[in-house]
Amino acid sequence: MAIFVDKNTKLLVQGITGREGQFHTEQMIEYGTHVVGGVTPGKGGEWVLGKPVFDTVKAAYESTGANTSVIYVPARFATDAIYEALDAGIELIVCITEGIPVLDMMKVRARLDQSSSRLVGPNCPGLLTPGQAKVGIMPGHIAMPGNVGVVSRSGTLTYEVVYALTQRRIGQTTCVGIGGDPVNGTNFIDVLQMFEDDPETEKIVLIGEIGGTDEEKAANFIANNMTKPVVAFIAGQTAPPGKRMGHAGAIVEGGSGTAADKIAALNAAGIKVAEHPEQIPELL
Amino acid sequence: MAIFVDKNTKLLVQGITGREGQFHTEQMIEYGTHVVGGVTPGKGGEWVLGKPVFDTVKAAYESTGANTSVIYVPARFATDAIYEALDAGIELIVCITEGIPVLDMMKVRARLDQSSSRLVGPNCPGLLTPGQAKVGIMPGHIAMPGNVGVVSRSGTLTYEVVYALTQRRIGQTTCVGIGGDPVNGTNFIDVLQMFEDDPETEKIVLIGEIGGTDEEKAANFIANNMTKPVVAFIAGQTAPPGKRMGHAGAIVEGGSGTAADKIAALNAAGIKVAEHPEQIPELL
Amino acid sequence: MNLHEYQSKFRFADYGIPIPKGKVAHTAEEAYTIAKDIGPPVVIKAQVLTGGRGKAGGVKLARTPEEAQQCASTILGMDINGHEVLKVLLDPASDIQAEIYLGVTNDRAARKPLIMASAEGGMDIETVNRLTPEKIIREHVDPFLGLRDYQIRNLAYGIELPRELWKQFATIAKGLYRCYIASDATLAEINPLIIDGSGNLLAVDGKMSIDDSALYRQPELVEMRDTSAEPAAETEARAAGLSYVKLDGEIGCMVNGAGLAMATMDMTKLFGGSPANFLDIGGGAQADKVAVALRIILADPNVKAVLFNIFGGITRVDEVAKGILDALAEVQVDLPMVVRLVGTNEEEGRRLIEEAAIPNMVSAATLADAARKAVAAAQAS
Amino acid sequence: MNLHEYQSKFRFADYGIPIPKGKVAHTAEEAYTIAKDIGPPVVIKAQVLTGGRGKAGGVKLARTPEEAQQCASTILGMDINGHEVLKVLLDPASDIQAEIYLGVTNDRAARKPLIMASAEGGMDIETVNRLTPEKIIREHVDPFLGLRDYQIRNLAYGIELPRELWKQFATIAKGLYRCYIASDATLAEINPLIIDGSGNLLAVDGKMSIDDSALYRQPELVEMRDTSAEPAAETEARAAGLSYVKLDGEIGCMVNGAGLAMATMDMTKLFGGSPANFLDIGGGAQADKVAVALRIILADPNVKAVLFNIFGGITRVDEVAKGILDALAEVQVDLPMVVRLVGTNEEEGRRLIEEAAIPNMVSAATLADAARKAVAAAQAS
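Just so you know, the protein sequences line up as chains A, B, C and D, in that order. Numbering follows the numbering used here, in which position 284 of the first sequence is assigned residue number 284; successive positions increment by one, without gaps. Numbering follows the numbering used here, in which position 175 of the second sequence is assigned residue number 175; successive positions increment by one, without gaps. Numbering follows the numbering used here, in which position 311 of the third sequence is assigned residue number 311; successive positions increment by one, without gaps. Numbering follows the numbering used here, in which position 178 of the fourth sequence is assigned residue number 178; successive positions increment by one, without gaps.
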């Protein structure tokens, strides 16, 4: 088992004919992900990488029975793409796109909360269940199947950690990038609960960063609701207040969201916090 | 027992200092309803009919512990009054006001559906549990306690029926006016379910009218979910299509919403439909 | 409140929807000038707030300005379903390659705006819905999110619109939805939306209904109300705060409350008569309101008898009786009247009516009794 | 992106919020003219995108135009937290009877806009929140419904605003919320909102931050960006599509990915050094981007060593190594460099670096190793 994606994933690619969409679709197919088709308005009827292209998610859904969708469309069209997937009944929507305005995401999130669909991202690297399916932009070959669940707000930092695990022959159930935006579809707690419920996941790595209070909430959740060991790492101890560190959500505001606060909360909850990413395999 | 309102009702009057609000507050107090206070922005601190006036529902709620609110404010302020009551945590909101635009009510209803509060109305006469509480504008003395639940989209037609029942010594558990607008907070099915669950209610009178398909849905609901006998009456058999009969919701549009359709649906569900209001007591 | 075709289309144009460059004429001479101006052939269309103008001969094609003048003179003054034609719209005739339906309405069951498109434009949407419901593509719009681009694509895809027209279609659909919302409409409809000879979309006919409850915030639309197009009695009733609808029967009804008014109308039918009107005088029933209501009822030449049905709730029945009697002192009524007063203080109310001993007025205790008496009186007179 | 006080306030004024009738001066002479024009006494305020200008002497009161000129000449050119003062705002001095705080921000935890008011205006809201949190009245705004009238009343009631000011307050709160939404702001704040001598509300100081992700639809706000107010390197980095933040340390960091960049910064600290910057070069790491990044890092005189930390995922490490070497052919680097390449084809990448045999560049296998080497190099140089 795994969480979010596996051999049963039937993936639709929104923005399949774009440069990024096409490149990563090829990568996902190569990895063995079951891509059933793509959507690009105005290009319905064409074929890309041997997959049918549809004009609308609705048409694609009806024709392919996709249960998952990944979004590579530009930021200004991304919220519409999310609503379209939601409305068509796609269960899992993974939005890679970076740069969606936060007011738009607040609305998206409010709509999501009224539906039974789940959004991962936006501004995230996606999902990787080693040996089964890869949805998004994570490099597939740095991972290997195993029993560690990885959840992270970051991209390359996650790869770094996953790669370090793999090099020590510590495999992963699923690697989950929840994204670096201040408002997103899935947060740490959602994923932690899923890992807790997943029989194959034995240990968990949580990679947080400055900004917001999701790590503090996760610490509290772990202390009260989880039986499986969690090792954490928080990036941004040297980040100055009031400055956005690349990710839209990585900012210390009004004294809140510091790495120190997050590490203190995790420590208080009895969670081991690595001093640097390479320490994580040892702490597991 | 009864539904919606009873001796435990602690009522707040929104718009208590207005002409209508003050008049009906007096009537409600006379009837024995437990009115705990009122709200009129800018008049907080005053007293009306021996009841304290507050500037905001929040302040009134915190100070009085009201569980029910009735709204008499003019149409252009009524949606704000509903949102305010909702946001303050009032469980039951009864909106008497007529003339709220339908697009506004669609939004109100969407918000309501995400809350645990209930709205009755708008454009309704309110609620009357004979001998216990009266919330709204129904004449209290035409009713008497008993075992018949009454639910209606109309005002005076309801009074007519209730009065006819009372004259035959057939008492009522609760008389519910759900209002004549096309989009409202509580519909027939909601109330029918409550009557079905109310141990004191033994029989039910349903008074419908042209427009929409709520009576058809109610017929279907009664056939499938109810054990208690229901007698119905539908007004508007002689109403022409495309014309609004007083109530915003009373209109036959595109061939839908005719009295004939509704009566046929009720008959098909095995529900007795009175030919005229005065027949109702006989059919019970 | 309904808008005329020309009002609807001109408003659509404000929202970026392409419409024929037409003009309104009130006289045949004006029609001649306009036809010359916009260049024939032109279509001359009666502007009436009722359906079926085509069948009634209210739409004609003219190949010359002279022909346009002739057609206009035929159409102007025509009676279509009881509506007199006072204006015609002259549009340049379009080369119609295909007819599409596009409309936004509020779906009361779903409690959301509903946008619908169909490749079967030209006929009314209810007919399409009855004959080939699968040819209507429907998208419910979240009132908070508004019409989204993907929903427009779902419509365009569903009606198999040629792809080169999707962009135009999106502009029109967005414009129509914005117009619907900004106007507090309950219906905004383009039918047909045609594909013309040059392969462009054009809104050839349009229709809008406005939510009466929202008119307080739509002063511009209130200005557009064409009172010349509705029975004078309805205009008068509205001004007096009465809710009145003219019908074809012979029993004038005056009732407090909309539901009770409908029930009263139905009762006249049940006992063999038919109602002349719907009339809700609202709460209270003061003498002045009753007087206006009486005048409106009496202005209808079909009325043979008047039926008062008043439920006294908060207002006591004896007070209402006084109001009626005061009104009768103001308004001369020669027709037979039946008065039924019920509710609080009903005995006292009835006594007042009886004591007044108005020769052509009788009292009734029950609604059935009242309806029977009114029907009998109407048949006798 | 942050706006200056004057930009924020002028924008607030567009939304019906009363502000002092002030003007901006770039020179002391201009300040003299403006002070004469608006009439003394005037307040002269440094326009810098940083806090603490009051303590730094960036705000002064002048009783005459001459005094205003003098104050302006003192303030202009001043360095406040590393920001040079290039503009001053001259406002007519206000008679402050009371200071209120009113601000809208987005609450990421609640995922809703949050409007806050406090009777404790004048000091920053975080301080109020720390000292007397109960004095902040909070209302979360449903992004679909917008700020409702009752919420404004809750705020006014909560801060015990005199009732005669509720209407003014409502206009200001609604204007501020509309401004926040229309500007895609993450913060729109009036502090203080004063009650002046004539008993009216006036927005005396203001602040706005704009969501960078929304700038594509805010061309007017993009125009307002004051690049003169930020380190030139940040402007250059933005133009090149790089994410760069200047810090105070001595180790220049070049990393792909924001999280990894932060982790790298932290590592330099962990091993006794300190980072000179945050720099995310994004995916791919082509030679031209690396070259720009290098130039930006080297422009910082504090930098004593450069640390490259690149994770090769989809892009292979050997390709990244080539990009770095190509960039080094373009940009002359005399400082010690540590290169750590990890991920796909890492051996090949390291081999390429070693073969290039750049004298002042060493390779590292782990991040810890790389950080240690960079710290040592920086301390040695």
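One or more of the hints may lead you astray.
Unchecked claim - Sample of chain B residues lacking proximity to chain C, with all beta carbon distances greater than 12 angstroms (derived): (1) 10; (2) 109; (3) 169.
Stated by the list, open to error - Subject to a maximum C-alpha distance of 35 angstroms in a straight line, what follows is the list of computed DSBU-like cross-link-like pairs (lysine-lysine): (4) B/10 x D/269; (5) C/135 x C/55; (6) C/36 x C/174; (7) A/10 x C/174; (8) A/10 x C/289; (9) C/112 x C/135; (10) B/107 x A/217.
What the hints assert, rightly or not - So the derived label-pair ranges between C-beta atoms look like this: (11) B/23 x D/97: 52 to 58 angstroms; (12) B/224 x D/16: 52 to 58 angstroms; (13) B/1 x D/110: 36 to 42 angstroms; (14) D/16 x C/329: 51 to 57 angstroms; (15) C/77 x A/76: 52 to 58 angstroms; (16) B/282 x A/63: 54 to 60 angstroms; (17) A/229 x D/365: 39 to 45 angstroms; (18) B/7 x A/76: 18 to 24 angstroms; (19) C/329 x B/7: 44 to 50 angstroms; (20) B/224 x C/223: 22 to 28 angstroms.
It should be emphasised that the hints constitute simulated quantities derived from the structure, not laboratory data. Think of the CB as a built atom: it goes at the ideal place given N, C-alpha and C, for glycine as much as any other residue.
Cross-check of the supplied hints:
no.	hint	verdict
1	10	23 angstroms, holds
2	109	5 angstroms, violated
3	169	17 angstroms, holds
4	B/10 x D/269	62 angstroms, violated
5	C/135 x C/55	25 angstroms, holds
6	C/36 x C/174	34 angstroms, holds
7	A/10 x C/174	33 angstroms, holds
8	A/10 x C/289	69 angstroms, violated
9	C/112 x C/135	21 angstroms, holds
10	B/107 x A/217	32 angstroms, holds
11	B/23 x D/97: 52 to 58 angstroms	42 angstroms, violated
12	B/224 x D/16: 52 to 58 angstroms	55 angstroms, holds
13	B/1 x D/110: 36 to 42 angstroms	39 angstroms, holds
14	D/16 x C/329: 51 to 57 angstroms	55 angstroms, holds
15	C/77 x A/76: 52 to 58 angstroms	55 angstroms, holds
16	B/282 x A/63: 54 to 60 angstroms	59 angstroms, holds
17	A/229 x D/365: 39 to 45 angstroms	28 angstroms, violated
18	B/7 x A/76: 18 to 24 angstroms	58 angstroms, violated
19	C/329 x B/7: 44 to 50 angstroms	47 angstroms, holds
20	B/224 x C/223: 22 to 28 angstroms	50 angstroms, violated
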